[in-house]
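For reference, the chains in residue letters:
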Amino acid sequence: MSNQNGRFGIHGGQYIPETLMNAVIELEEAYNHYKADPEFNRELTALLNDYAGRPSRLYYAEKMTKDLGGAKIYLKREDLNHTGAHKINNVLGQALLAKKMGKTRLIAETGAGQHGVATATAAALMGMECVVFMGEEDTIRQALNVYRMRLLGAEVIPVKTGTATLKDAVSEAMREWTRRIDDTHYCLGSVMGPHPFPTIVRDFQAVISKEIKEQILEKEGRLPDAVIACVGGGSNAIGSFYHFIEDKDVRLIGCEAAGRGIDTFETAATMNTGRLGIFHGMKSYFCQDEYGQIAPVYSISAGLDYPGVGPEHAWLHDTGRAEYVPVTDEEAVCAFEYLAKTEGIIPAIESAHAVAYAQKIAPEMKPDQIIVITVSGRGDKDCAAIARYRGEDLHE
Amino acid sequence: MSKIAKAFDHGKAFIAFITCGDPDLETTGKAVRAAVENGADLIELGIPFSDPTAEGPVIQEANLRALQAGTTTDKIFDFVKDLRKDVTVPMVFMTYANVIFSYGAEKFISTCEQIGIDGLILPDLPFEEKEEFLPLCRQYHVDLVSLIAPTSENRVAMIAREAEGFIYLVSSLGVTGTRSEITTDLQPIIRTIRENAKVPVAIGFGISKPEQAKAMAAISDGAIVGSAIEKILAQYGKEAPEHIGEYVKSMKEAIN
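Top to bottom, those sequences are chains A and B.
Numbering of the first sequence is given in the numbering used here, commencing with residue 1 and proceeding in unit increments.
Numbering of the second sequence is given in the numbering used here, commencing with residue 397 and proceeding in unit increments.
Calculated Cβ distances over 10 Å to all of chain B for the following chain A residues:
1) 153
2) 247
3) 262
4) 319
5) 340
In silico contact screen, one side only, chain A against chain B (beta carbon under 8 Å); selected entries:
6) 5
7) 162
8) 292
Simulated restraints, written as ranges between beta carbons of each label pair:
9) A/100 with B/474: 46 to 56 Å
10) B/549 with A/319: 31 to 41 Å
11) A/183 with B/584: 17 to 27 Å
12) A/264 with B/614: 51 to 61 Å
13) B/649 with A/264: 48 to 58 Å
Hints are computed from structural coordinates only; laboratory data are not their basis.
Just so it is clear, CB atoms sit at the ideal spot from N, CA and C, and this is done for glycine as well.
Please build the complete structure, drawing on both the sequences and the hints.
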C-alpha cells in the first residue's frame, strides 16, 4: 500500500537524523530481499506455528452474543499466543530478519511491556543481546512485565525523561540506536516510526487478518460486517484490517484510548483530538499544542498511551476506509470485567477498548451480522492496576 | 550570496548554540551578546521542543526548562527582532521539523527572513525529506543547513553537492553532548565534502574543550559547541552570560 519512499497518502516518510539513514536503508534492502526468500518465510512460519502457537483461534463468543442480543460476535484470540499478545508476530519476524542481517543485539521500546517481553523472548530464543527502554511510570504500572523481561535475560532501562511513558521510551530507543548501529537492530513494536518500519510491522502483523478471513469463511461462509481492534500506534489493528481493506463491505473500526474523555486533556485519542504533524520519524496525526509541542497524553492503558498513530491508519482515516472511535478508561474497565464474567476471558486493558465498542454497536446490529473483535492480548498483567482503579489496595 | 558565508570569511568559525528561553529570554539575549562580543562568528538559536530525539541529557533538560518557563515560537520571534537591533553576526534556528510544520511552514520561514534568521538546522529532516521545507527556504532566502554523519558513507557526496549555508558535520555516533574524546576519523569524509560542496563545513557534537575545538577546526572550517554552553547555563542560570563570554573567548582563541 505504501509507495517507494514509504508514504501512505501524505503520511509516513523518514524524518530521522542523518546518522540513522543508512541503517533504515540497509533495513529496507534486507527486508525486500528476505520477504521474497522462501527459506526465510519457511523459518518464520515454523517459528510462528511451533513456537508462538499460530494460527490463533477465532472463537465464537456465544454468551456475549446472546447477552448483547444483536450481531454474532467472534473473538480473534491473539491473547493465546506465546507471551500473551500479538506483539510476538512482529518480533519473531524482525528478530529473524536482524539475525540474517548479522545483528547480534536487539533494542526495543515498550509501553505495557508486552512488546518488551516479546522482544526479550525472541532475543533469548535466538541468542541475541536485548535492551528494552520503558517509561519509568510504566515500569511501576507494569512491574510484573519488567520482571519477566529480566528473567528472559534482557536489560530494562527505565526512561525518566518527559512524561516517562511510551513516547519517551521510543525517543530513548531512537537515541540509543544513533549511539550504536553496527551490531544493533531497533525492533520497533508498532506500525510507526520512519519507513520501512510501518510497512515491515504491518506485513508481519497481517497474519491476523489473513487468518480471520480464512477462519470466518470456514465457519460462516462469508466475510464479517465489522472488524474491531484497539489502536495505540496501531499494530494489532492494521494486522486485523489489512486483508479486509479491499473488501469495502467490511467496516474497519479502530478504538482509541480516550482516557478520561476526549473533551479533557487526559486523553490519548490521536485521531479524535490530534492534528497533522511530524514526529518519531513520520508524518501523521499527533496530540500536540498550538506550537507543535507533543502533548503529555494519558490513558489507563500503558499500551495505548501514545500521542501519535501509525501513518497507514492516518491514511485509512483520511480516505474514510476505517473509522476511529474514542473509548474511555471507564468503558474499557467495564468491558474488561464484562468479558471476564461473560466469557471467562480476561482481555488486556488495551483490547478491552475494542470489546467496549463492540458492546455498544452489537445490540444495534442484526443477528445475521458478524463482528470480529481482536483480543490483542491477555489481561493478567492488568489485574492489579484494574483492582486499584476499582479502589482495592492490591499491589504486585 | 548566503549571509552565513560571512561567519567563515575571517579564519576558523566558532559557532555557539544557545537554547532560547533557558532560563528566560532575557538571559538568552545576554548570553548571545556575550558570545558575540567574545568572538562567536555564528549563533545557533535553539527553539525548544518537547521531545528532542537527537539531543543528549544536557540539551534535553535545557529544552524542558525553556518550555516550563513559557517560551513559545512567537515569543522567540519577538526576541530575535529585538536581538537584531545590535547583533549582526549570522544567526540560524536549530529546532525540530514539527515546530515549523505545526506553526505553518510558510508563516514560519517567511518570518525568519523578516526578523533576520539566515538558516535552519533540523536534525530530523534528512536529505530524503528536505523538499518538505526547501522550496519555501529558497523563496524566503533562508539556508536549509545539511547534516552529514560518520555513518553517511556513500551519501556524503550527494548531500554535499546540494548543501547550502554550511555543512554541519556530526563528529561521532549518538546524540548531542560533551565527549571526553572524539575518535572518529573525519578526514576521509571531509575530503569528499571538499570535492563536492560549495559551502564551508563545521564540526559539532561532543566538543567542549579548547583542544578539541582546535583539533576539529584544524581539519574543517569551524567548530560548533552546544552542550558545554548549556551546562554553563544550567549551572549559573541568570548569571551565566558572563561565564559564557569567558568560555567563548577561550574557545575562539584556541581555534585560530
